[in-house]
Amino acid sequence: MTPIKLNRRELMVGAGAAVLTARSAFAQGEPPKPKQIVVNASGGSMNTALRKAYFDAFEKETGIRVVETSPVDLGKLKAMVGSGNVEWNLTEIGGQDGALVQRLGLVEKIDPKLVDRSAYPKEARGEYIFASSVYSTVLAYRTDVFAPGKQPKGWAEFWDVKRFPGPRSMRNHPVDNLEYALLADGVPADKLYPIDMDRAFKKLDEIKPHVNVWWTTGQQPAQLLLDKEVVLATGWNGRFFDLMKKGAPIAVDWTQGSLKQGTFVIPKGAKDPYWANKMLAYMSDAKRQSIYANELGYPGLNLESIKYIDPQAAPHMPTHPENLSKQFWLNVAWWDGNLEKSMERWKQWLLKK
Amino acid sequence: MAAQEVRDADLRVDGVAKRYGAVVALGGVSLSVAAGEFLTILGPSGSGKTTLLKVVAGFEFPDAGRVTVGGADITDVSPAKRNIGMVFQNYALFPHMSVARNIAFPLQMRGVPKSEIDRRVIQAMALVELQGYGERLPSQLSGGQQQRVALARAVVFDPTLLLLDEPFGALDRKLRESMQLEVRRLQRRLGLTTVFITHDQEEALVLSDRIAVMDGGAIRQIGAPDEIYDRPADDFVAQFIGESNLLVGEIAAPDRVVLDGGTSVTVRGLDGGHGRVRLLVRPEKMAIDSATNRFTGTIVEAVYLGEAHKLRVKVAEGVELLVRGHRAVPTGARVTVGFAPEDAHVIRGAG
Amino acid sequence: MTPADRVRRRAVGSAIVLSVPAVLLLLALFAVPLLRLLALSVEGGSLVAYQRALTNELYLRVIFETFKIAAVVTLLTLALGYPVAYVMATSGRVWQLVGIAFVLLPFWTSILVRTYAWMVMLGRNGVVNRTLIGWGVIDSPLPLLNNLAGVLIGMVHVLLPYMILPVFNAVKKVDPNLVLAAEGLGAPRWRAFLRVTLPLTMNGVAAGVTLVFTLSLGFFITPALLGGGRVVMIANLIEEQVRELLNWAFAGALSAILLALTLAAFWGISRIARTRSA
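Chains as they are written, first to last, in the numbering used here: chain A, 1 to 353; chain B, 1001 to 1351; chain C, 2001 to 2278.
FYI, nobody ran anything at the bench for these hints, they're computed from the structure. Just so you know, even glycine gets a beta-carbon here, dropped at the ideal spot from N, CA and C. Some hints here could point you the wrong way.
Residues from chain C shown here face chain B by an in silico Cβ test under 8 Å; the list is partial [unchecked claim]: (1) 2180; (2) 2181; (3) 2184.
Please construct the entire structure, taking both the sequences and the accompanying hints into account.
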């Protein structure tokens, strides 16, 4: 989005608003500027990248300070909305939670007049959900244990502990793992849903003794590989990208990676929704998304942004054409209806001797 | 317990020394206590008396010297194996145990059979007149009762030696006096060799067979109470025990001393020596209108003590004499005081 | 009424007045949220949440495991903390201050940082295993992390101060003459300790045990990170319900059950302590 376009749209919106509130004193039709807006996100390097890609520019151009908070906390979101004391103007949520927050009425609609997502794939233009980036849960391996090219490709090979021996780490969560188990068991990617839980858990039984660590935080699998506690791990591609940039003997195999969207929402009843939408407009800009992607390995959904991505970083993006074709999209709708049940079963399965 | 049996254990301390860093607590102390004797170690705080007691009890190990009880060297024996009864200053009763269990404790530690423990505990409680108090906790007892428990606990196992560390300090005066007598009676009855620590000279005089006066980690004098009182070995002992008048002068003749103020006095016991001496005259040996060794002065203070009057008489600039007698004389009166030649105790040396 | 009674009554009266702010604070910060939590768990007047928690094998099992882990952690902190507290309390002033500083130091570090530090220490290629292998004590790495052992180590480390401080306080209050008296009366050191010092410090032990046990019941970061997924405590499940599944009614029910069991344990500990110190 070029600055000229942006200005024209602002003018158009301004004109519309002026008609509706004829006596309004705001010549540009903008609601008054708050001193600051609060954006809640995962924290750490993600907040640093958000600042670099979006917040700094937003502050400079609007004069509104952006306060970052963390971590992502669905419970807190629910509490805020429930109590009517919403501190966040904008918050990140887990990729699979979009349907849940929508169902519980915890979020505001995104204003299509303010946020232009015409360059987004159709399925990524949620009415309530803003897709900020794409990430994938992928397989990473130690290159000093498996020479590149000799690494396991896909989950059937990950399950093959004879050909690919060594301790593994997987996420302590049913999301992704049930899909991986079915894929390992030969279910085609387009026949994964609805998930056959019995079959998935049965397949998971096979890999369980070889999983050294069931990880909880995104930092864990990267660290475990780095410390050689495990030789194979599933994890979020950006975490591995970060280590690879620093020269760690780690590489990613994209085969059957599980794609999801990183998402932001405007909490229900949040103050200054106009400015939250404005921020989303910044976050949908192709060039700015590429800054974020170069930093973290999480490309945006503005399809134009691929043009601006550093050619060296491009092969590490889950949306790189070569990678994209190998992976599958996690079915968020299926999980919304089955999360609690499968998590209960997951815990039971984990504790089973 | 066999109350009539007189124990045969004497205590000997030979050249015991103890220092804490640069501070000398005991500088080679020797003393012996006869079997059945009641010896008091008297001294101000910091004199080393408590350290000496701890060495005897085994809570401190000396840097040098030996401790023997009944001929057996116990210097390197742990406190638990010394078989010494001790009453602490604050009694050190076990607050979570009843009176009976407190008293039973040393017997249990010695593996005495249960039935005998019960019998001896009852006996010990009777000895200190605490029948019926067995189930009480120490916190439910008065100070005097607590002390009796401590005493019963210290003697119930027939110790070879009884140590008393200022046990009367926390009691009020009346109770203290009756407890003192009770302890003395009990000690005599049991024939226990006893070492008693105090800084209270009156207590020492009342209770002891002998008194050892300590100061600066050394024993200054050891002897019977009257000996210590009447013939102190040095200034320190003289001033620490009772009140005293010290007159400084030079021997001038076999029975005459010229005091530094110029007055000449007649005394006995100079034994033909010469040089500087100090004459100790106890206030009660000073008399108004004495026939000999007279000084004239003004009463600057008169205190009525009930059984006597105590007077301070200023006889020269900076020289005051203490007089204790039965005559009441008002402050400001001019009097003549003096002492008999045989009532002055001669302390030799420059002091 | 004797004058002493009057004085005592007045003292009680002013104690009540003085405690008003604290009581109000407790009500506002503790009682009210607790009641709201209980209200949440019976949302719509239904006990479904409780029924689910008490009939599903998963939750019963995790609650049982939680209490088991809490008990083991408490025993370990007692076994490690008591000697430390004892040595600290019976040594000189300087060493006492040094000891307290070392005990309190971890308090100023976040539990997350400390947990990550243990991950570095205890891993297969961690500091502990490398050192032990370097010294030739062991041939292959010990499994210290991503299992129950790792969770116990991490929890004991976090909770040790809660045991050491009350016990230290209790040992300091024991008159050293009592121990000397016991020794003088014929007790070897260890018997003097067992018969005198230990019973007199039971209050401190009870305080430490209560603190450590109840705090243990609520742990979730340490088990999640050091347990490698194999250790699940009830707080992990509650946290998941609150933050991920947004099922607050069920989270409330689990919390209420945990609270009830904690109070029961608390009551049990204080009973045992009372009979032991009597």
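Hint-by-hint comparison with the structure:
Taking 8 Å as the C-beta cut-off, the interface hint given for residue 2180(C) holds, the closest approach to chain B being about 5 Å. Checking residue 2181(C) against chain B: minimum C-beta separation of about 4 Å stays under 8 Å; hint holds. For residue 2184(C), the shortest C-beta to C-beta distance to chain B is roughly 5 Å, which falls under 8 Å, so the interface hint holds.
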